[in-house]
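A.B. asks: Residue numbers (our numbering), protein chains in the order written: chain A, 1 to 259; chain B, 1 to 359; chain C, 1 to 292.
Please note: incorrect hints may appear among the correct ones.
Label pairs and their computed distance ranges (CB to CB) [unchecked claim]:
id, chain 1, residue 1, chain 2, residue 2, range
1, C, A147, B, L307, 39 to 49 angstroms
2, C, N262, A, R151, 50 to 60 angstroms
3, B, L166, C, R188, 50 to 60 angstroms
4, B, I170, A, D39, 16 to 26 angstroms
5, B, I12, C, E52, 54 to 64 angstroms
6, A, T158, C, T127, 31 to 41 angstroms
By construction, these hints were calculated from the structure, which means they are not laboratory data.
Backbone N, C-alpha and C fix where the C-beta goes; we use that ideal spot for every residue, glycine too.
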Amino acid sequence: MSSEARGDGPDRAGAAGKSASLTVDGLVAGYGGVVALDDVTVTADPAGITAVLGANGAGKTTLLRAVSGMIRPRRGRILLADHDVAGRSPEQIVRAGIAHVPEGQGVIPELTVEENLRIGTMSWRRQQGLRAHRAAALEEAYTRFKPLADRRRKLASTLSGGERQMLVIARALLARPRVLLLDEPSLGLAPRVMAQVMDLVVRLSREQGLTIVLVEQNARGALAVADHGVVLNLGRVVASADAATLAADVALRHHYLGF
Amino acid sequence: MRTLPRRLGVAIIVAAIVAFLSIKLNAFRDYQIAEIAVDVTAVAGLTVLTGLSGQISLGNGAFMAIGAYTTALLLLHLNWPFYLVLVIAAAVTAVAGGIVGIAAARLRGPYLAGATLLLGVALPSIAYVYPGTFGGDQGLNVVFTTPAFLGANFPLTRWQAWVATLVALITLVLLANLDRSRIGRNWRAVRDNDVAAALDGINAAAARIRAFVVSATSAGLAGALLAIVTGLVAPGAFTITLSIALLTAAVIGGLGSLAGALWGSLVIVLVPTYATDVATSHGLSSSTGANIPVAAYGVVLILVMLLFPLGIQGGLQRLISAFFGPSQKSRTGRTAPMPHVTPSADQAPASQHEKEGTS
Amino acid sequence: MVEFLQFTLSGIVFGMIYSAIALSLVLIWRGTRLLNFAQGGMAMLTTYVAIEVIYKTHSYWAGFVIALVAGLVLGAASELTVVRPTTGKPELNAVIVTIGLLIFFEGLAGILFGGQYRSFPAAFSVTGLKVSGTPLGVSRFDVFTVAAVLLTTLILAVVFRYTTAGLRMRAAAFNATIARLSGIRVARVLTVGWALAGLLGALAGVLVSPATFLYPNSMDAIFVLGFTAAVIGGLDSPAGAVVGGLLLGVGLSYVGGYLGSNVTTLFALGILVVVLMVRPDGLFAGARMRRV
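All chains should be built: construct the whole structure from the sequences, respecting the hints.
C.D. replies: Shown next as structure tokens:
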């Protein structure tokens, strides 16, 4: 895809089209009186899949929220390529190139599938021929995600769990991100559908050079697709290694990952 | 129970101060003392309802009207002694409060505010529907005289101030007891999280209805006092402006605080007179003068909510803590007068319906 | 029979006014979860602006248009200065803040314009219309009122449904988090919502003031009834606002006509109580947001 055809132009760090790394450096973040992330440093390599694992309450979702701007970090940097976006608002961060698919209900059930998708384009900068570009981008999404095409005028509330997941990922992709944050994409899905979602994730990184940060309870499944893994416990990084090494470390798996 | 003697002691001291002031000051000041006492009685009930049990009411003026009209009718037709009339007025209003509380038990937030707003607007119009009984627009006159044992020279205004102050103090002591009792604790629990309260075995609906009854009764007592202090009960005295003034006083004084009821009442009674005086002395028209306090209340309400949510009482407590160290009350975690958990400064900077979670 | 027709028609006219206020309240409620108690006060102020413009320029339409613009400005300004700081705080704070705004507007009007009742001109003739000799109980101005509110409502509905800006507002109202993560500047959207609500209020103000006269408290009763209409319809539902307004307007017209005007507010209270006891979230509660 050429950058003209993409029809967008959010403020990006670095040249458009090149894969970007995401580095979280010394991040401290929390809610009210609780510190959920304590001096966390994680690097997601460009065009790679980085799994963030750990038990409930470890800080995985908090990490993604801090990166996407949903919560304001108290200390630390968030570097997209070399550009620090810590402390910016979610609207600014998605324009910088980081898209976040939050855990759980990500669709807006009161809107149609098409409307949900169009929302994904709201971060695009105003420019010539915006409407045409938007329409083209939507068509592209429909081509890639056939079930959505079949239901484009239906309310999102009528979609199955797997279709909803597809919708939220498609919507996030429409923002043309360079980094995609996925929070428990397989949650509540049947195993077969889970596998399809994981396949999709892999293809996105291989084909589009998207840098993916994948938070998963299902550590085994995540490590099977990831290049690199980071294990959090009580807000701290307790392990960081390539996926194969982590998967082979039985003690670690038992202690922190539950398998 | 240990603190009841302390409260009574404070009440007696205040009563003595007021008696002294009423003797030293002129009749107009006596009238203002009575006005303040009336407002304190009503505002105290409202601050308990809104600050402690978290239910907003814009219709307590209607309960005042019920108390006032009951008093006027009883005095007019049966000429019973005032203390008896007072008790009956309180009982009638309590029943009304119960009815409203039951009807409103399922309502939350703006729905409750709207329903009570409409109540405040609609109820006084009954006086127009049955003008024979209620005197229509002209209202009913109330005759109230000083008792014989005080002698012929005891000014009526002073007696009115004493009676009003006495009733106000009794109300405050009773409300203070409720505040510290299990009932008060239940109110706070329901205010902060009624799901958790229910899990604790607290009957949330009953607690809310109880709060309405208490608040209505206070307002009814205030209405009865208003009847004997002003000598006239007419629908024009019970407009929505009254209900809003009560809420203003409760907020400015400090929501949930009984002392705040006093500060707030002082403000809404004394400021308008002062403002009108200042305005006319500067050559402004009296209608401008009358409206300056109104505009000022609006600004103050906004500023209080944005900057000093705990009102005057909160500010005073902070001052006292600054000078004397944290008091026993604040160390045992005197609950903030907010109807929901007060978020801290670090929470997500998004809209009111952001939901937090950890994982 | 003729009476019934007259009551029905005039009920529809007032009903449209209530619908306009109700709609403005719903707009703000869906976007910010707030009840704007100052809505009537804003409408009153913008109507004062209109009358001053009309006096100076001798043009009704100049006043009309400027009132609408003033509504947009006042709505946006209120949100930016006074309401924005209450986000994230307990909802009681926001309620009291809007009440404070209301009181401030009324005091301000009293200071700037005085408290006396002023008459406000109507755009068209207020003589009763007749159909083959039967008086209908409504005038040309009344027809204009209904048409103006309906047209504005329709335009807003179209904008919301079919434009990108409208989609932004709906997304922000349904799920502000998702909206922000998708790049929608929710804060800006909220300001626009308040501005549009201010416009609706201003419209209601100039349309109803010929009948009620203009004074600092003139919009209080209209606000209360508009509020009642919104609650009856369900605060989340724009359709409910319109239907609620019409039902209330027509219902109260019958009550006032057959039973006397003193009992109308009591009946409104009765209707509200009945509706809320049966459906605590309003008649059209199906459309409500999933919020914990």
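A.B. asks: Against each hint, give a clear statement of whether it holds in the structure.
C.D. replies: Verification of the supplied hints:
| no. | hint | result |
| --- | --- | --- |
| 1 | A147(C) <-> L307(B): 39 to 49 angstroms | holds, 45 angstroms |
| 2 | N262(C) <-> R151(A): 50 to 60 angstroms | holds, 56 angstroms |
| 3 | L166(B) <-> R188(C): 50 to 60 angstroms | holds, 57 angstroms |
| 4 | I170(B) <-> D39(A): 16 to 26 angstroms | violated, 59 angstroms |
| 5 | I12(B) <-> E52(C): 54 to 64 angstroms | holds, 57 angstroms |
| 6 | T158(A) <-> T127(C): 31 to 41 angstroms | violated, 54 angstroms |
Checked against the numbered hints above, the structure violates hints 4, 6; every other hint is satisfied.
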